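There are 2 protein chains.
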Amino acid sequence: MSDFGNLFEGFEARAAEERFDALFRSPGLRIERIVSTGQAGDWYDQAHTEWVVLLSGSAVLRFEDEAEPRMLRPGDWVTIAPHRRHRVEATDMERPSVWLAVHLSD
Amino acid sequence: MSDFGNLFEGFEARAAEERFDALFRSPGLRIERIVSTGQAGDWYDQAHTEWVVLLSGSAVLRFEDEAEPRMLRPGDWVTIAPHRRHRVEATDMERPSVWLAVHLSD
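One line per chain: the protein sequences are A and B, in this order.
So the first sequence is numbered by this note's numbering: it starts at 1 and just counts up by one.
So the second sequence is numbered by this note's numbering: it starts at 1 and just counts up by one.
Only chain A is shown next, with the shape it has when bound in the complex:
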């Protein structure tokens, strides 16, 4: 694993699939770059805390315990507690949505 890189390079802007790249790992911690290109996601119910920030594009994030989804724009971050059910309902169709996720396990 490299010890440097650029979050906004090394991906296709119109990829058919979401892309996941691990940037750093240590016991109990994984830092990951995610690039969404219009995909939505399934419901997640994670055993660990996740801290995540959207850095480009836009996304619609829904928490099961909230009435309305959150519209995320670049810079928006959220700490997701364990077992707080959530899903990404939509990501930007025009531009890649780059996320940085810090997972407190793996």
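A few of these clues could be false.
[Stated by the list, open to error] Ranges between beta-carbon positions, derived for each pair:
| hint | chain 1 | residue 1 | chain 2 | residue 2 | range |
| --- | --- | --- | --- | --- | --- |
| 1 | B | E17 | A | A15 | 37 to 45 Å |
| 2 | A | S2 | B | V60 | 19 to 27 Å |
| 3 | B | R73 | A | R25 | 24 to 32 Å |
| 4 | A | R70 | B | D21 | 15 to 23 Å |
| 5 | A | A13 | B | E68 | 25 to 33 Å |
| 6 | B | A22 | A | R70 | 16 to 24 Å |
[Unchecked claim] Far from chain A, by Cβ distances over 10 Å, these chain B residues were calculated:
| hint | residue |
| --- | --- |
| 7 | E12 |
| 8 | A13 |
| 9 | A15 |
| 10 | G41 |
| 11 | Y44 |
| 12 | A47 |
| 13 | E68 |
| 14 | R87 |
| 15 | M93 |
[To be verified] Derived coverage of chain B by chain A (criterion: at least 3 residues anywhere in the stretch with Cβ under 8 Å from a Cβ of chain A; other residues may be distant):
| hint | region |
| --- | --- |
| 16 | 27-37 |
| 17 | 60-66 |
Hints in this document: simulated from the structure, not taken from any laboratory.
None of these values were measured; they are calculated from a predicted model.
Glycine included, C-beta positions come from ideal geometry on N, C-alpha and C.
For this one, chain A is given, so just place chain B on it according to the hints.
Just chain B, lined up with the frame of chain A:
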């Protein structure tokens, strides 16, 4: 501590001092937003690993064990091993330089 926010809000663009905001803490982990507004830094020799990314502005990062400093632009990230001496030689004078740092201790 809030469980959401925006990395690019909540600071003065022309502050005299660098600004540090803890966004998340758990045992062994601290996620911090740093906003530099033209400041340089002292040499750091940290006991813990730091993963850091520059998200806006620009910066010059020097490692003592490298001949040339690194010119950082938005998206550039680097994993800094424990006790690898480094300093920020300069940050952008025109725009705020927003960093996200993940510290593997505290």
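ask   = For A13/B, which was marked as not at the interface, is the minimum beta-carbon distance to chain A over 10 Å?
value = Holds, because the least Cβ-Cβ distance between A13/B and chain A comes to about 14 Å, which exceeds 10 Å.
query = Holds or violated: 16 to 24 Å for the Cβ distance of A22/B and R70/A?
reply = 22 Å, holds
request  = Go check the region 60-66 of chain B versus chain A for me, would you? Three or more residues, Cβ under 8 Å, otherwise it fails.
outcome  = violated (count 0)
key: Status of the stated non-contact between Y44/B and chain A (beta carbon gap over 10 Å)   = The claim holds: Y44/B sits with its nearest Cβ about 16 Å from chain A, beyond 10 Å.
ask   = Is the nearest Cβ of chain A still more than 10 Å from the Cβ of E68/B?
value = Holds, because the least Cβ-Cβ distance between E68/B and chain A comes to about 14 Å, which exceeds 10 Å.
query = That 19 to 27 Å hint for S2/A and V60/B (C-beta), does it hold up?
reply = 20 Å, holds
key: Interface exclusion of M93/B relative to chain A, criterion Cβ beyond 10 Å   = The assertion about M93/B holds, with a minimum of 22 Å to chain A.
message = Confirm or reject: R87/B is not an interface residue toward chain A, with every Cβ-Cβ distance exceeding 10 Å.
response = 17 Å, holds
ask   = With d taken as the least Cβ-Cβ distance between E12/B and chain A, does d exceed 10 Å?
value = 16 Å, holds
ask   = Is the gap between the beta carbons of R70/A and D21/B within 15 to 23 Å?
value = For R70/A and D21/B the Cβ distance comes to about 20 Å; the hint holds.
task = Quick one: work out the minimum CB distance from G41/B to chain A and report holds if it exceeds 10 Å, violated otherwise.
result = 18 Å, holds
task = Starting from the hint 37 to 45 Å, judge whether the C-beta atoms of E17/B and A15/A obey it.
result = Holds - the Cβ-Cβ distance for E17/B and A15/A, about 42 Å, lies within 37 to 45 Å.
Hint check: a violation occurs at hint 17 only; the rest are consistent with the structure.
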